[in-house]
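Engineer: One letter stands for each residue in the lines below.
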Amino acid sequence: MNRDNDKGKILLKRTLITAAVMVLLFFGLIVRLYYLQVVEGEKYQMLSDENRISTRVLVPPRGRIYDRNGGMIAENMQNFQALIIAEQTPDIDITLNRFKKIIPLSEGEEQKIRRDIKNSKPFMPVKLKDNLFFDEIAKLQLYAPDLPGIVIDEGLNRIYPEQSYSSAFLGYVGSVSPEELSSDPLLAVPGFKIGKAGLEKKFENKLRGKSGNVKLEVNAYGRIMKEIERQNGIEGEPIHLTVDMRLQHVAQDAFGDESGGAVVLDVHSGDILAFVSVPSFDPNLFTNGISLANWQALLQNERKPLTNKIISEHYSPGSTFKIVVALAALEEGIITEKTRFNCTGAMKLGKHKFHCWKHSGHGWLNVVEALKHSCDIFFYEVALKLGIEKIASMARKLGFENTFHLGFNNMQKGLMPDKEWKEKRFHEKWQQGETVIAGIGQGYVLATPLQLATMLARVVNGGYEIVPHFTKLSLKEKEKIKKLPISQKNIEIVKKGLFEVVNGVGGTAGRARFDVNGAKMGGKTGTTQVRRISLKERKSGIIKDADLPWKLRNHALFVGYAPHDNPKYAVAVIVEHGSSGSGVAAPIASKILKTAVELGI
Amino acid sequence: MYEVNFNRKLSLKEKFFSLSGGYVLCILLLTAIGLFTLYSAAGGSMSPWAQNQLIRFCFCLVLMFVLAFMDVHLYLKYSYFAYFVVLFLLIVVEIYGHVGMGAQRWIDLKIFKLQPSELMKISMVLFLAKYFHGSTLAQIESVKGIIAPAFMALFPTALIILQPDLGTALMLMFTTMVVFFCVGVQMWKFLLLGGGALVFAPIAWHFLHDYQKNRVLTFLNPERDPLGTGYHIIQSKIALGSGGVFGKGFLGGTQSHLNFLPEKHTDFIFTMLSEEFGLIGGVVVILLNLILIIYGYMFAYRITSYYGKLVVIGLNTNYFMYVFINIAMVLGLLPVVGIPLPLISYGGTVMLSVMASFGIILCMDINRNVNLGRRSFHED
Numbered sequence: 182m183n184r185d186n187d188k189g190k191i192l193l194k195r196t197l198i199t200a201a202v203m204v205l206l207f208f209g210l211i212v213r214l215y216y217l218q219v220v221e222g223e224k225y226q227m228l229s230d231e232n233r234i235s236t237r238v239l240v241p242p243r244g245r246i247y248d249r250n251g252g253m254i255a256e257n258m259q260n261f262q263a264l265i266i267a268e269q270t271p272d273i274d275i276t277l278n279r280f281k282k283i284i285p286l287s288e289g290e291e292q293k294i295r296r297d298i299k300n301s302k303p304f305m306p307v308k309l310k311d312n313l314f315f316d317e318i319a320k321l322q323l324y325a326p327d328l329p330g331i332v333i334d335e336g337l338n339r340i341y342p343e344q345s346y347s348s349a350f351l352g353y354v355g356s357v358s359p360e361e362l363s364s365d366p367l368l369a370v371p372g373f374k375i376g377k378a379g380l381e382k383k384f385e386n387k388l389r390g391k392s393g394n395v396k397l398e399v400n401a402y403g404r405i406m407k408e409i410e411r412q413n414g415i416e417g418e419p420i421h422l423t424v425d426m427r428l429q430h431v432a433q434d435a436f437g438d439e440s441g442g443a444v445v446l447d448v449h450s451g452d453i454l455a456f457v458s459v460p461s462f463d464p465n466l467f468t469n470g471i472s473l474a475n476w477q478a479l480l481q482n483e484r485k486p487l488t489n490k491i492i493s494e495h496y497s498p499g500s501t502f503k504i505v506v507a508l509a510a511l512e513e514g515i516i517t518e519k520t521r522f523n524c525t526g527a528m529k530l531g532k533h534k535f536h537c538w539k540h541s542g543h544g545w546l547n548v549v550e551a552l553k554h555s556c557d558i559f560f561y562e563v564a565l566k567l568g569i570e571k572i573a574s575m576a577r578k579l580g581f582e583n584t585f586h587l588g589f590n591n592m593q594k595g596l597m598p599d600k601e602w603k604e605k606r607f608h609e610k611w612q613q614g615e616t617v618i619a620g621i622g623q624g625y626v627l628a629t630p631l632q633l634a635t636m637l638a639r640v641v642n643g644g645y646e647i648v649p650h651f652t653k654l655s656l657k658e659k660e661k662i663k664k665l666p667i668s669q670k671n672i673e674i675v676k677k678g679l680f681e682v683v684n685g686v687g688g689t690a691g692r693a694r695f696d697v698n699g700a701k702m703g704g705k706t707g708t709t710q711v712r713r714i715s716l717k718e719r720k721s722g723i724i725k726d727a728d729l730p731w732k733l734r735n736h737a738l739f740v741g742y743a744p745h746d747n748p749k750y751a752v753a754v755i756v757e758h759g760s761s762g763s764g765v766a767a768p769i770a771s772k773i774l775k776t777a778v779e780l781g782i
Numbered sequence: 044m045y046e047v048n049f050n051r052k053l054s055l056k057e058k059f060f061s062l063s064g065g066y067v068l069c070i071l072l073l074t075a076i077g078l079f080t081l082y083s084a085a086g087g088s089m090s091p092w093a094q095n096q097l098i099r100f101c102f103c104l105v106l107m108f109v110l111a112f113m114d115v116h117l118y119l120k121y122s123y124f125a126y127f128v129v130l131f132l133l134i135v136v137e138i139y140g141h142v143g144m145g146a147q148r149w150i151d152l153k154i155f156k157l158q159p160s161e162l163m164k165i166s167m168v169l170f171l172a173k174y175f176h177g178s179t180l181a182q183i184e185s186v187k188g189i190i191a192p193a194f195m196a197l198f199p200t201a202l203i204i205l206q207p208d209l210g211t212a213l214m215l216m217f218t219t220m221v222v223f224f225c226v227g228v229q230m231w232k233f234l235l236l237g238g239g240a241l242v243f244a245p246i247a248w249h250f251l252h253d254y255q256k257n258r259v260l261t262f263l264n265p266e267r268d269p270l271g272t273g274y275h276i277i278q279s280k281i282a283l284g285s286g287g288v289f290g291k292g293f294l295g296g297t298q299s300h301l302n303f304l305p306e307k308h309t310d311f312i313f314t315m316l317s318e319e320f321g322l323i324g325g326v327v328v329i330l331l332n333l334i335l336i337i338y339g340y341m342f343a344y345r346i347t348s349y350y351g352k353l354v355v356i357g358l359n360t361n362y363f364m365y366v367f368i369n370i371a372m373v374l375g376l377l378p379v380v381g382i383p384l385p386l387i388s389y390g391g392t393v394m395l396s397v398m399a400s401f402g403i404i405l406c407m408d409i410n411r412n413v414n415l416g417r418r419s420f421h422e423d
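Chains as they are written, first to last, in my numbering: chain L, 182 to 782; chain S, 44 to 423.
Keep in mind the hints are simulated off the structure, nothing from the lab. Backbone N, C-alpha and C fix where the C-beta goes; we use that ideal spot for every residue, glycine too. Check each hint, because a few of them may be wrong.
In silico EDC-like links for lysine to aspartate or glutamate, alpha-carbon gap of 20 Å or less [what the hints assert, rightly or not]:
id : chain 1 : residue 1 : chain 2 : residue 2
1  : L       : LYS190    : S       : ASP208
2  : L       : LYS532    : L       : GLU615
3  : L       : LYS600    : L       : GLU570
4  : L       : LYS194    : S       : GLU184
5  : L       : LYS310    : L       : GLU290
6  : S       : LYS280    : L       : GLU223
7  : S       : LYS280    : L       : GLU221
To be clear about the criterion: a stretch of chain S counts as covered by chain L if any three or more of its residues have a C-beta under 8 Å from a C-beta of chain L, and this derived list gives those stretches [to be verified]:
id : segment
8  : 178-184
9  : 214-228
10 : 283-291
11 : 335-343
12 : 347-353
Chain L residues, not near chain S, derived (Cβ > 12 Å throughout) [unchecked claim]:
id : residue
13 : GLU231
14 : ASN300
15 : VAL711
Input sequences plus hints: build the corresponding full structure.
Structural biologist: Right under this line is the structure:
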């Protein structure tokens, strides 16, 4: 009985210990619960939001671009693309193979996708295919359970309705490269395109707009359950250009198969009315990443479609430079309208002999006649008397060595040599012979067609320092255009010469003349050597330029303006290896100016 | 030896009035909370879980009362018998398991799946209670006196390990040890057993199947699990922690409803409950369970018979194990083992076993003044 009592006592004692331990353990659970929900509650609240809230960047539509008349030349089109998010797919190979059964991928495409997946963070979507058709989207959605990590995204594609007619100035858009990444979240959006060249690049900040974002609640499988918050972005600003596509078409078509370019300016404002570089390319090719074949074709074309001939190439201005020399000489008082020189076909300077293009000579002529016939001897004499410094000073006033803040890629600055430049460049003294050939725009002198058009515009508008540009000037900006210290009288003399070039009997560009209700054009031809003519060739003089291989033929240049009485349009035309300024470049310029006058832009 | 007036059978009316109303209320409250949570887990719908659970509970409630109002002498009389029947079932299921790999470990009763291992938890307690009821303290403290019950406990445990259901096996082992501890087995024997287990384990390991070894390894080290039990526990902590003090509101648990939380209606239901009802909800559930367990100890204290005391202590320990392991697991304190939260988690097996335990506990309490002499059943 006693032992039974002890048995009960032990049971009571041991049970109390057990019960106490259990109560303690339960309070331990409460403490742990308190720790997780209250002490660390905020942290888990945050993690919970991270879990369920997915923030996506909303891409605003890129600003549209319009021509002078409100025609759309760059717009956005809906584009459905398939993306893959690496971390959401258990096996990329299996998923890709399944995808390929629905939408075939070329070997090159697949390689690119695998490279992209490797190079991007696992949560960043990588593009598999874009421009999906509706039946392809339907199939992808049907097989979605077998394609983990593949999502269909709706985006906007940049398209250029004018195709190759707009590539010279619009440039194109392309994918963001790593060095272009900035704090703008848009740049990290897969497939986002930014301006890579031309105006698309220059106006990138305006065109891009501001990103918006949307907060979505997603479940554990990434499916969107509902939208929590949306902040719409700001659409890119539209850009209205000064280019007139009607004139652009005529100007570009006028080149036919030639290689070269043309730029038309409004002489009073500097508005660029047409901007042609041929052969051109279709900028739509670049929007979705250009194919290797197309890219190779563009790169290997000897007429260099990717080089902008208006601003990225500079040429010897040749005889078109005589406008600058004539005006400088008149302004400096070296010559007057009546001053005459005798052209005998050649001029001796020390040991050197300088020839006129017309070996028989022009005889006595004044500045108007010298421009009309493009006499070299006259300008040799004038240049010698002026000196290179005065020529360079006038050339720079008229826009040489200036890129006009156009902001395009690979712009050439051109070159207006002077004594200081030669000293710096070659550590040599300037030679008088160099002044002589500079007087006819040869030698070191280099200018882009845009500079030549600007030069002519600044002359024929009465000496106003206009700057070529693509967007219309405000009234205030127009008032700010400065007048250069050039006398109207001298300008009229030069203009008379330029008028005679086209309209005078025996002018070098007589074939280019037109008359639209009394509106006529003036201008100046230029033909510049691409190679040196050997003494032997000069003596025999029988090899015709047109018989040479294309690459060795002379460049043909023409600068012109219209109407002569009240100039409104200035044009510069370059036909690479076109042989003759008068025969090839002048007719193109004529066609362009005539159209401009007829359109009355 | 005993007073005759306490040895007579109680009438049903007497039994009903000595039933602990508070105990039953706690059970009803916990079940109600469980039904609300299951309703929310289904996105605000009775189907597929809450409705089934309610039907099962009604059945179990009837069972609980039947067991509670049964003659207490029957329990004592059939304690050994019940143990051997369940042991037989366990062996049958084990043999089936060997014959066809992946065969069922349960017997299908349509509404419930009867798991012999689950029944063993109860019958083991009854067996040990009867055994120690009939032992003297001297026998308990002798080595000879505890070899038989120790073997009787280890044999089914080993069978369950082989199933392999380590969670249940460990629970069974732990309950057994608590009973051994309470009856007064000396501490040094536990230490000896612990040392013996360490020596024996490698030998036992040798006899396990590869898949059984894998299960054990995964249990010991959840990171082995390629699907990442670690992921489950992180998500559980996020869901629970983000609930804060007041919770996200009924039907408002984002992590649970967006499927970040796995097994939200079964093993991880406490997490979902804490996400929606916050610290307050979680603490209420823990306290209700604590009250149930304290009730159990109160019963054990006032029950006069040694058998009754021991049955209540054993079953109470068993219930405590369920609740503690489940909550500690979702709070990230214990490795993830498939043990549900009784009365709240969806599922019939555990509910059946737990409600049956409650019925037996209540029966012991109702008959608290019935004196079951050490050898009284022989004279019955």
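Engineer: Which hints from the list above does the structure break, by number from lowest to highest?
Structural biologist: Violated hints: 1, 13; rest satisfied.
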